[in-house]
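J.: With the hints as constraints, model all of the structure from the sequences given.
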Amino acid sequence: MSLPDNEETRDTADFSPVGTWTLLCLIVFGMVAAWLFLYFGVFLPRGAVQ
Amino acid sequence: MIDSGVRKLALSHLWVAFGAFGLASVLGLYQVLERSGVITAMQSPAVYFASVSTHGVLMAFVLTIFFIMGFGYVTAVSSLKTPLWNPAFCWAGFWLALAGTGLAALPLLIGRASVLYTFYPPVQANALFYIGATLLVVASWLWCVVMIVMHGQWKKAHPGEPVPLPMFATTANAILWLWTSAGVAAEMLFQLIPWALGLAATVDVGMARTLFAWTLHPIVYFWLIPAYLALYSFVPKAAGGRLFSHELGRAAFVMLLVFSLPIGFHHLYMDPEQGAGFKLSHGVGTFLVALPTLMTAFTVTASMEMAGRQRGGSGLFGWIGALPWRNPMVLAGILAAAMLVLGGFGGIVNASYAMNAMVHNTAWVPGHFHLIFAGTTVIMYMAIAYYIWPQLNGKALCSDKLPLIQLWSWFIGMVILTTPWHILGLLGQPRRISSVTYNSLLTLAWEPYELAMIVGGGVLTASALLFLHILAKSQRQSVTEQSFEIEYAEYFHPVTRVPALLNGFTVWNLIILALMLANFGYPIAQFFLVKTFGSTGWGY
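Going down the list, the protein sequences come from chains A and L.
Quick note on numbering: the working numbering labels position 6 of the first sequence as 6, and the sequence is numbered without any gaps.
Quick note on numbering: the working numbering labels position 480 of the second sequence as 480, and the sequence is numbered without any gaps.
Fair warning: there could be bad hints in the mix.
Footprint (simulated), chain L over chain A, 3 or more residues, beta carbon under 8 Å [claimed, not checked]:
# : stretch
1 : 14-20
2 : 29-37
3 : 41-49
The following label-pair restraints were derived from C-beta to C-beta distances [unchecked claim]:
# : chain 1 : residue 1 : chain 2 : residue 2 : range
4 : L       : G312      : A       : C25       : 20 to 30 Å
5 : A       : S16       : L       : V47       : 20 to 30 Å
6 : A       : S16       : L       : F287      : 45 to 55 Å
7 : A       : L44       : L       : E447      : 36 to 46 Å
8 : A       : L44       : L       : A200      : 25 to 35 Å
9 : A       : R46       : L       : W325      : 39 to 49 Å
Read the hints as simulated data drawn from the structure, not as lab findings.
Ideal Cβ positions, reconstructed from N, Cα and C, are used throughout, including at glycine.
T.: So this is what it looks like as C-alpha cells:
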C-alpha cells in the first residue's frame, strides 16, 4: 500500500476533528438509545422476579 | 533494531500463543455443534465441559499471557532502543510458563479439570491444574519485572524525557497485571491448591469468588492494553497519519490502570456474600472505566480522520472511505472499533445494577465477552502479528490479500456467532450448559439461533486456521531483505516533556492501594470476622 507523499498531503496544522466528534456523538447517542430501549422496552415489562 | 536473540524469544512466545489459539478455535467449533444437538452422536456433557474448560484456559490465559510477554519484549527493545534486560531471566519466564501450561493441560485434556476458565469452587479440579495455572501466572510476573526494570533504567538514563508511549503503556500493563493477578494467586495458594491436595477438607466459596472478582475484571484490560497500544501506535502510522494526542493516550493508560482494578464485584451482583453498598461502589467504578475507552476512541479516530483527510477525504465522513482499508492494521483497527462499540454496549448492560438481573448467567454474557475479547482484542493481536512478523523473521508476509480475507472473515464470523448469542440470553438461555435439546416450546425457540452460531463458529475456525497458515507460510519463505525496525506513530504535536504524573506510576500505585483497600478491604476481611461455612469439592 503506497501512501501519498508529503507534497500531495494537505496541511494539517489547522486540523479539527469535527468528523470524529460527530461520529462519536452518534455512537454514544445510539448506545444511550439502545440502553433506554432495553431498560424500558424489555427489562421493566418483564416485571419482578416471581 | 531488534537483535536475533529478542526475535527468537518473541517468536517462541508468539508461536505458543497462536498454537494455543488454533487448538482453542477448533474446540470452539466442536462446542457450538455439541450444544446445538444437531449431531446426536456428539452429545456428551463430560467431553463438552472438558472442551469448554480447555478452550477458555487456552484463550484467556495461554494465548494472552504468551502473546503479551512476547510482544512486550519487542515493544521494550524497539521503543526504548535499548538491549533486552537479562535475556536469561526472560527465557526462564518462558520455560516456566510453558511448564505451567503443560501441567495444567494434562488434567484438562483428560477431563479432570472441567472447571471452566473461572474455576469457581466448589467445582473442583485435579491439583495439577491449579499448580500449572499458578506457575503460568508466576512466570508472567517475571515478564512484569523485566518491563518495570527496563522502564526504570530508561528513565534513569534519560532524566526528564517522556518515556515512549508504547513502553509507557506496556509498563502500565505490567503493573496492572501484578495488581490484578494478586487476587487469583491468593485464591490458588491459600484456598484451591491446599483444598485440591486434601490439606483442607472444605473451601470458603464466598471468599474464593471475591478473590477471583479481584482478578476477573482488570484481567480484561490486561488483555486489551496491547490492542490499545496498537491502536495508538501502529494504526495512525499505517493509515499514513500521526497520533492526534500523545497526552490523551498516556492519560487513558493511567486511567485504565487505576479504574479497572476496584470494580470486579459487578460479576457478583447476584452473589449473597457481598453487601449491596460495595456492589454499587464497584458498579459505579465499572462505568468510570468506560472513560479511558472513550478517550481512546476519540484519539484514535481523530488520528484516522487526520490521515483520511490527508489522503483526500472530505466532508463530514468522507475521510473514512479515504483510509487505506487494504492495510491489515488499519482494517483491523476499524473492525476492532466496531466490535468494541457493540461489545461495549453489552458491557454497559451487564454493569447496570438492576438490569444485570435480566442477563445474569445467561447466554448474553459469553456473547458479550467473546465480542470484546475474541473480537476486539484478538483481531488486534492478529494485526500486530501481521505488522511485526516481517520484522521478526526478516521476511515479508506471504500475501497481501490473505490477511485481509482473514481479518474480514474473523469479523464476520464473530458477528454471526455473537449476535444470536446475545439474543439467546434475552430469550432466557442459561450459560454454562452443554445441551439445549429439552423439546419444550421455550427451548425450541432457541434452535434457529443455535444453528446460526454453528455458521459463525465455522467461519471463525476457518479464519483462525488461515491466520496460522499465513504466519507459518510467511516464516518458511526464502529470506528477503527486510528491516528489523518496528516503527511507531509520530505525534501531531511534538512532545518535548510531559507532566511527571503522566511519565511514571509511583503516585498511581499509592492511589490504587487506597482504592483497593476501600473496595476490597472489608469485603475480604469479613470472611475472617464472621462465621462462614466451607464446601466440599464437587464434580471431581
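J.: Each hint needs a verdict: does it hold in this structure or not?
T.: Hint-by-hint comparison with the structure:
no., hint, in the structure
1, 14-20, "holds (count 5)"
2, 29-37, "holds (count 3)"
3, 41-49, "holds (count 4)"
4, G312/L to C25/A: 20 to 30 Å, "holds (25 Å)"
5, S16/A to V47/L: 20 to 30 Å, "violated (58 Å)"
6, S16/A to F287/L: 45 to 55 Å, "violated (29 Å)"
7, L44/A to E447/L: 36 to 46 Å, "violated (28 Å)"
8, L44/A to A200/L: 25 to 35 Å, "violated (45 Å)"
9, R46/A to W325/L: 39 to 49 Å, "holds (42 Å)"
Checked against the numbered hints above, the structure violates hints 5, 6, 7 and 8; every other hint is satisfied.
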